[in-house]
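Asker: What follows is each chain in one-letter form.
There are 2 protein chains.
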Amino acid sequence: MTNIVVVGLGEMGASLAKILTAQSDNYVVGVDMSEQSLRYALENHLVSATNSRLRDVASQADVIILATPVTSIEKSMQQLATMSLKKSVIITDTGSTKRDIMAVAEQVLTPMNMKFIGGHAMAGTHQSGVTFANENLYRHMTYFLVPSSISESSQLQTVLQPLAAKFMTIDVARHDALMATISDVPHIVAFSLMNAATTQLGPSTMFGQYVAGGFKDTTRIAASEPKLWADVLLSNKEAVLASQTQLRKQLDLFAQAIENNDDDALIALISSARESRENL
Amino acid sequence: MTNIVVVGLGEMGASLAKILTAQSDNYVVGVDMSEQSLRYALENHLVSATNSRLRDVASQADVIILATPVTSIEKSMQQLATMSLKKSVIITDTGSTKRDIMAVAEQVLTPMNMKFIGGHAMAGTHQSGVTFANENLYRHMTYFLVPSSISESSQLQTVLQPLAAKFMTIDVARHDALMATISDVPHIVAFSLMNAATTQLGPSTMFGQYVAGGFKDTTRIAASEPKLWADVLLSNKEAVLASQTQLRKQLDLFAQAIENNDDDALIALISSARESRENL
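Here the protein sequences come in this chain order: A and B. Position one of the first sequence corresponds to residue 1254 (my numbering), numbered consecutively onward. Position one of the second sequence corresponds to residue 1254 (my numbering), numbered consecutively onward.
There could be a bad hint or two in this list.
Since the list gives no way to pick out one identical chain from another, each pair is judged satisfied if it fits inside one copy or across any two copies.
In silico DSS-like pairs for lysine-lysine, Cα to Cα no more than 25 Å straight-line [as the list claims (entries may be wrong)]: (1) Lys1490 <-> Lys1469; (2) Lys1480 <-> Lys1469; (3) Lys1419 <-> Lys1469; (4) Lys1480 <-> Lys1490; (5) Lys1502 <-> Lys1480.
Treat the hints as calculated values from the structure; they're not laboratory data.
Chain A with its partners taken away, still in its complex shape (with noise of 0.2 Å):
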C-alpha cells in the first residue's frame, strides 16, 4: 500500500487524486484549506481520506505532492522540513516555475536528507476547483520532472504512471527559460492584446462583434487566473525578462519593414513564422 498526500485540491491536484485512488494499491489522502474541497474530494471518491492539516498525516506518507500556488509549495516544503517524516518518502510538487522552488528544496529539504523532485505538467484548463478532477487531464501531456541533489526520479516516475504522461526530466535553467518562451510571455502577450485592444477601442463589448476568429484565438489565454498568473510572472522573473527582450526585438523588426515600405523583409519574417508554426 502507497499512502499519497496530495496537498491542494485544485485541478491539478483533484485530477492527480482522482487517478492515483483509482487505483487499488494507493491510499490517498487529500489535503486542503477548504472544508467544502475535501467535502466534495470525498464524496465522489477522488481520495481515500481527507485532513486540513498538512502536519496530521505527513509522517505516515511515502509520497507528498504539493498542488497548490507556487508560494504556498515553497511554505508547505518549510513545514515538512521542521516534521518527522518517513526515511523514504518522496516529495514533489506541480509548480509551473521551477526555480525558486527548487532553491527552496535545495535550502530545506536537502539538509534533512529529503528527496525532492520538481514536477510541472503541461496540462490544466482554464477552468480551476476540486469539480474540474479530470482522470484523463494528463494523457499524453509532457510531464516535466526536474531532480534536485538527493532525488532519483524513477521511483516518482512508477507511482505516477496512471496517469498516462510523457515523463521528461530536465534541468531547472532550461525548464524556466522554455516555460518563459511558450507560456508565460505568450500570457503576457494576450494580456496585452487586449488591454490594448481596449485602450484603443473602448470595452470590449464595444468591439466584440467585429472580432475574427483570429483575435479570438490570439487572445483566449487573456482569460486566465490573475493571483496565479501573477505569482507564475514573478516567480520565473528573469528568464521572463529575457524572453519578453526577445519577442520586443521581434516585433521592432516589423515595425521597421513597415516603416520601411519592406515587402520583401516583411515577406521573409512571416515565411519563418509561417513554416516554424506549420512544424509545430
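We have chain A already, so just place chain B on it with the hints.
Answerer: Just chain B now, kept in the frame of chain A:
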C-alpha cells in the same frame, strides 16, 4: 436581371459568386487570370459565365465586385475609370484595408461619376482558391461598407442580401484603426512569438512536443499567407504602426511590474485583460 461581374475567384470572390449565382434574377460573370479557376467556376456553377478580361464584360455590369488582392483592386479601379460603364453601375471591393482603396476611388472613379462603396467582410479562412467557394462563408459575419463621396449603399446591400451577412457602414479611418487593432497587430504578434521562440529554442520541431494549447492558440494565425499579409500590413501602415505602439506600451507595463516585483500591478493588469476577454 442584375448583371454582376466578380473579379478574382479566390475564396472570397468565388464564395460571393456562388451565392449570387444561386439567385435566379442574377447573371454572374466571373473574371480571373487563371483559366483553370474559370473552368472550375463554370463547371461547378459558381458563375453564369466567365471571361479572362474585365474590359470585355464591364460595360454590361450593374455591379462590379473587385475581389483580388489590394494592389490589383487599385489597378482594376484605374482600368474601370477609362471604360464606358452603365451610368447606374455600382463598384465595390473586398479588400481588408480601405484607406488606399478609398483614396484611389476618390481620385479616379468619383471624377467619372462612378459610384464606389468599399467593402470588407470579417470572413474567410486560411484556405485560398476557387475550390474553397462556400455558400455559408458570409453568414452572420460582419460585412463593413465604406461609402465614398458619391456612393449610396442601400442598393448594394440589396444585391448582397443573399450573403446573410451583418452589414455595417463605417468610415475609413475608424475601419482601418479597428482592423489594425483586432487583426493586423494580432497577426504581427503571432508571427513574432513564433520567430522569438525559434530564436531562443531552435526549430519548432524541437520544442513542439512541449507546447500546450495556450501557445498553439496564440500562434495559430502565424500560419497565414506571407505575401497576402505583407500587403495587408503595408496597405494599413499608419494604423498598424500606431496600434503596435499601443501594444508595446502595454507590454512595457508588464515588464515594469515584473521588474519591480509589483504583485498588485500585475494582478490589476491581468484582471483587466481577463474581464475584457470574458466580455468579448
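Asker: State for each hint whether it applies.
Answerer: Hints, one by one, checked against the model:
1. Lys1490 <-> Lys1469: between (27 Å within a copy, 23 Å between copies)
2. Lys1480 <-> Lys1469: both (22 Å within a copy, 23 Å between copies)
3. Lys1419 <-> Lys1469: between (30 Å within a copy, 19 Å between copies)
4. Lys1480 <-> Lys1490: For Lys1480 and Lys1490, the Cα distance is within 25 Å only inside one copy (15 Å; across copies 37 Å).
5. Lys1502 <-> Lys1480: between (28 Å within a copy, 22 Å between copies)
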